[in-house]
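On the provided structure of chain A, position chains B, C and D as indicated by the hints.
There are 4 protein chains.
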Amino acid sequence: MGSSFGTLFRITTWGESHGPGLGVVVEGCPPRLPLAASDVQTELDRRRPGQSRITTQRREEDRVEILSGVYDGLTLGTPIAMAVANSDARGSDYAEVKRAYRPSHADYTYQAKYGIRAVEGGGRASARETVGRVAAGAVARRVLMGAGVEVVAWVEQVHGLSAGAIDPDSVTRDAVDQNIVRCPDPAAAARMIDAIDAARKAGDSLGGVVAAVARGVPVGLGDPVFDKLEADLGKAMMSIPAAKGFESGSGFAGALGHTGSSHNDLFYADERGRIRTRTNRSGGIQGGISNGEPITLRVAFKPTATILREQPTVTEEGEETVLKPKGRHDPCVLPRAVPIVEAMMCLVLCDHLLRQRAQCGL
Amino acid sequence: MGSSFGTLFRITTWGESHGPGLGVVVEGCPPRLPLAASDVQTELDRRRPGQSRITTQRREEDRVEILSGVYDGLTLGTPIAMAVANSDARGSDYAEVKRAYRPSHADYTYQAKYGIRAVEGGGRASARETVGRVAAGAVARRVLMGAGVEVVAWVEQVHGLSAGAIDPDSVTRDAVDQNIVRCPDPAAAARMIDAIDAARKAGDSLGGVVAAVARGVPVGLGDPVFDKLEADLGKAMMSIPAAKGFESGSGFAGALGHTGSSHNDLFYADERGRIRTRTNRSGGIQGGISNGEPITLRVAFKPTATILREQPTVTEEGEETVLKPKGRHDPCVLPRAVPIVEAMMCLVLCDHLLRQRAQCGL
Amino acid sequence: MGSSFGTLFRITTWGESHGPGLGVVVEGCPPRLPLAASDVQTELDRRRPGQSRITTQRREEDRVEILSGVYDGLTLGTPIAMAVANSDARGSDYAEVKRAYRPSHADYTYQAKYGIRAVEGGGRASARETVGRVAAGAVARRVLMGAGVEVVAWVEQVHGLSAGAIDPDSVTRDAVDQNIVRCPDPAAAARMIDAIDAARKAGDSLGGVVAAVARGVPVGLGDPVFDKLEADLGKAMMSIPAAKGFESGSGFAGALGHTGSSHNDLFYADERGRIRTRTNRSGGIQGGISNGEPITLRVAFKPTATILREQPTVTEEGEETVLKPKGRHDPCVLPRAVPIVEAMMCLVLCDHLLRQRAQCGL
Amino acid sequence: MGSSFGTLFRITTWGESHGPGLGVVVEGCPPRLPLAASDVQTELDRRRPGQSRITTQRREEDRVEILSGVYDGLTLGTPIAMAVANSDARGSDYAEVKRAYRPSHADYTYQAKYGIRAVEGGGRASARETVGRVAAGAVARRVLMGAGVEVVAWVEQVHGLSAGAIDPDSVTRDAVDQNIVRCPDPAAAARMIDAIDAARKAGDSLGGVVAAVARGVPVGLGDPVFDKLEADLGKAMMSIPAAKGFESGSGFAGALGHTGSSHNDLFYADERGRIRTRTNRSGGIQGGISNGEPITLRVAFKPTATILREQPTVTEEGEETVLKPKGRHDPCVLPRAVPIVEAMMCLVLCDHLLRQRAQCGL
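Residue numbers (the numbering used here), protein chains in the order written: chain A, 2 to 363; chain B, 2 to 363; chain C, 2 to 363; chain D, 2 to 363.
One chain only, chain A, in its complex shape (with noise of 0.2 angstroms):
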């Protein structure tokens, strides 16, 4: 339990940083879907290990390989399996480690939880599984596709740093894609790219926001009570690793700058009798069901725990140690975490086309 997400769209991922591999089981795909393996490596590129100088520099070419439930290039309804190699995993790295917990690392409850880790990289607690996230993202997008759905994330704010009024009807992955740090200002985005490479130099790390949008989502997809759509996206995104908040709509500052009048979403029929609404700062979601205008989130990444520094902590018997990690890291998760987000929200926004076809019709 734990490594499968999804009802009807489900996937399942395995891996831990330093083993053999990484990948995913997709189950519940439609069948008689193009899908080739350069669909998935697109996805995987972008949120593959060394691509920029502002990312950590472990070389991983995260090469994929579909190993069942596809058929002559086209999905056959049954699972989908897919896994990439691991190659460059210096377990040196990790000798200290074995000892010492990171702080703000997973070391310490993993051990406590399960009584045994794969230490080395972090095991299975290394942002490294995102691999067979994104892995089944790619196909999660691939149906959303058919469907007329759009997906779109990028970086808002590193640090204190904020890009300029990004507008979500029209961001598009060629303006994210520009600039290594994936923020579709230029100019905002070079400010990023600055402070990072700051951070990097001083052995520090660096948080920030991602935001996301998805264009044409069919009105009513969402689960209510408890599966409402920003409730499903919630959990998305507070399960991708280093996230610590996510809004829906005006999230915070909404509840916190408005009055319910201000606030409400006014409704109104356009030229061809469909009816929107004015404003969306219900980020496109009403009662937890997609009304048809875009859907729209952020989710805030903290600082990577990995840092470059001396730090003071306690060896896995309690004692008290020094600890100063040699490893690669990534200074900001942000560029890294876009694709990641993108994926999740495929996941979710799936899963919810297939169940609304299962109860409603479609």
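Source of the hints: derived by calculation from the structure; they are not laboratory data.
Only true hints are included.
Where chains are identical, the list cannot tell them apart; a pair therefore holds if satisfied intra-copy or between any two copies.
Calculated cross-link-like contacts (lysine to aspartate or glutamate; reagent style DMTMM-like; alpha-carbon spacing at most 25 angstroms):
1) K99 with E272
2) K327 with E311
3) K327 with D195
4) K325 with D271
5) K325 with E311
6) K327 with D73
7) K99 with D271
8) K327 with E62
9) K99 with E321
10) K99 with D73
11) K327 with D89
12) K99 with E61
13) K325 with D198
14) K99 with E311
15) K327 with E317
16) K99 with D89
17) K99 with E318
Below, chains B, C and D without anything else, positioned relative to chain A:
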């Protein structure tokens, strides 16, 4: 699907706002636990409408009946069914609503999703459905009490007004319940009550933030990589009506106001040799697993969508109209959200307690 | 866990034999389906105790109340809660049972598992819990009717007495209900009734076999490799109290009395071009998926454990004693098992109908 | 959906007969359990094709690789991924099958359900998918060993030939594996082998019955009312390719050949004060819960659908044709079904062991 929550301690809620009643079935409760209707009633009374001048004036006794699963005051290990009857259901208040979609309510999305809706009171979309959650939460709380876990929530912010620093290590339910807004800072509480009163008189509404803490949580709860403790808590909270945002530990502020070196929680061994952290920006969860520190979270609630002001909207047929609700409403949901947040937190922790017992022993 | 069944059309039952009542919550029912309490009552009346001289004489009206999920006679798509009150609960009959474990009942295993049990009437282990199943099955039957699916069960064998050949393509509920033992072969029925009467008078009990067919099932239902249609039907049937065996299609006789060349169902195209099989040893299921032929199954029920004879047994404390039950009992569960088998078959088919709709369209 | 089994000890299998390979992910395995690839290989070798002259001559080494979840020979508590590569995949044997539906195979239903199928070897419908089940079953067996539970299955009947009385209290795997048909009665085994040989030479096939026992099962496993132990075992067995029937304890014979007074298992307290039953017609399960007696079951397998004889059938286009398979086949699946039955029994018991631990302690 959608009305069940949890895996091992699993609840299923049912009921519409103006139907015969509402209720819940609790599956997986351990046997031989003392449970009386009064244990449940205590929690329901905190959620009950009409409990003060700043809540809706709908009068409901919300008297719970335990229909199964308890024998001679002890749980049987079989499903515990509980029900509450609806009484003060003024259907006539909703005559106008039958035709027009209330802004930022679920009228439109329910109609679009299901092609039908129980019009009066919002039907299933009413916050009245949380009766079942709170009743089930009372059972979960009994399980947690046996494990030494204590859960307390309180109102931290209403609109622009914040409580002073509340210490999550020591705040008590008594302090929370000493005023009708459920803010343990009496001075801030007085200002909040005034603000809510003013909003009520103006026919408007206010939002805010509820904070919560769980103390005494054993190390090891949470199932990475998807069912991390903060992910399940995030889903639980985002499923509450009107929730717009969720934070675990340091939340958005931690992501934006810290660097890794200032954010990391340093480990030490306390006098009893127990491994602790000197700060708790992790909010009691690391790598998705509880680390023994207090679990802290915050939930943002939007200003109530029901306001007693004229608002333009459209009818089911897409024609423009103006709506002026005559019903009763909560000018601010925060005071009544406190027991709901507690209930959902209890449900998540209880479920993970059983899960940990199953896989790892406890 | 354990009191829920199904994935998309999911039911959760609750209630003890002598508690306040019993009921069920049905999740996932499609919206806008006509549903009246009388639809449910019709099925409950076939399951009701005291319906004839060969069933238990406990008098229960089993009057169902629909508590949620239906509005103006149509389903809402929200959970449908239904309840039945217990009335004729003679607790005093069970004074002796409090001390002694009834042979081949669940008294001992419930006590051992949970450390507690509702003594009267077997509590949750009573076949009375099937009230919720039959009520939910009535809802599933409404869904199936819309898809052109018809389900009929009947008594095929009682002890050594077999019905003559019953044609699964044409047997009707009317034919089944024409006698109190629910065997559509009147001559065999008369002999079965005599045998049951004799057993009743002797304070003994008889077992037998219920057969069932589903006609009009669309091709494509069933989810290999674990949720094959016959696997889910097998689980459904084996979960009925007193069930000891299950057969799909040709069953044990097919396994032992045929070779591959005599057992295979040969394909042909009928006059409308539809692919059919000339025989139906597969019982309408191939590779775990419905093939459009009638789905056939058989379920063996043991002789009722409750007999009105002295039997040696042990007390909770492990002391030897002799038990002579004074309660009422069914000398043969078969007639009342017929609507339960139908209900479970409807539940499985309805669930798979929705599943097929979700993944493959329908 | 459909390729996962279990709730707490949950497996997900993947793979097609002639794709790159097959495998399984096991979730929920307790940590710190010794597990080596050789433990799994031992079980796979019993399932392997080509192991004797009475099994298919397809040559597959079925060499398992453990890809995650194990560290220094101990389980981590994280998902255990295992894979086996396909090697001897003679696709050319299936040229004819591409056009014509093989009788009593899943060719037609897969095509009808999914609109596509992996033609060679039956794709996902091949019994080759049980590789993943057997690998996962080996892990479950390790968990059960720690709880003192032992599972043994054997061939009891082949066509008309029955083994003499096998004592479920004492039959051993060694006795089962002493001959290639896996029947612990050597004289019957010899006759069975001759019959299978004769069928093979005649291009025909035979069915039969596998029996199984679990000894040392703790009292209390099984979750009424739906997840009764015999219900989950029934589903598990009926999901095995070619299974047509299932019996728990006395099965059909108990239903038809006994009265209540002769069928009931009388309780007594043994010399150690443990409550036992004098007979075991209940098959170790009462009220859906294990009672500490050996759990006994029987599974009927139809004669293999693949026969080397001409059979009339239809093409995908519905045209009449005659099919004469040239592939390899098992003239009788029974010997290879033995490890599969054991694996499924281990999976069910292991899952319920964890479930019992969660709800009731153990």
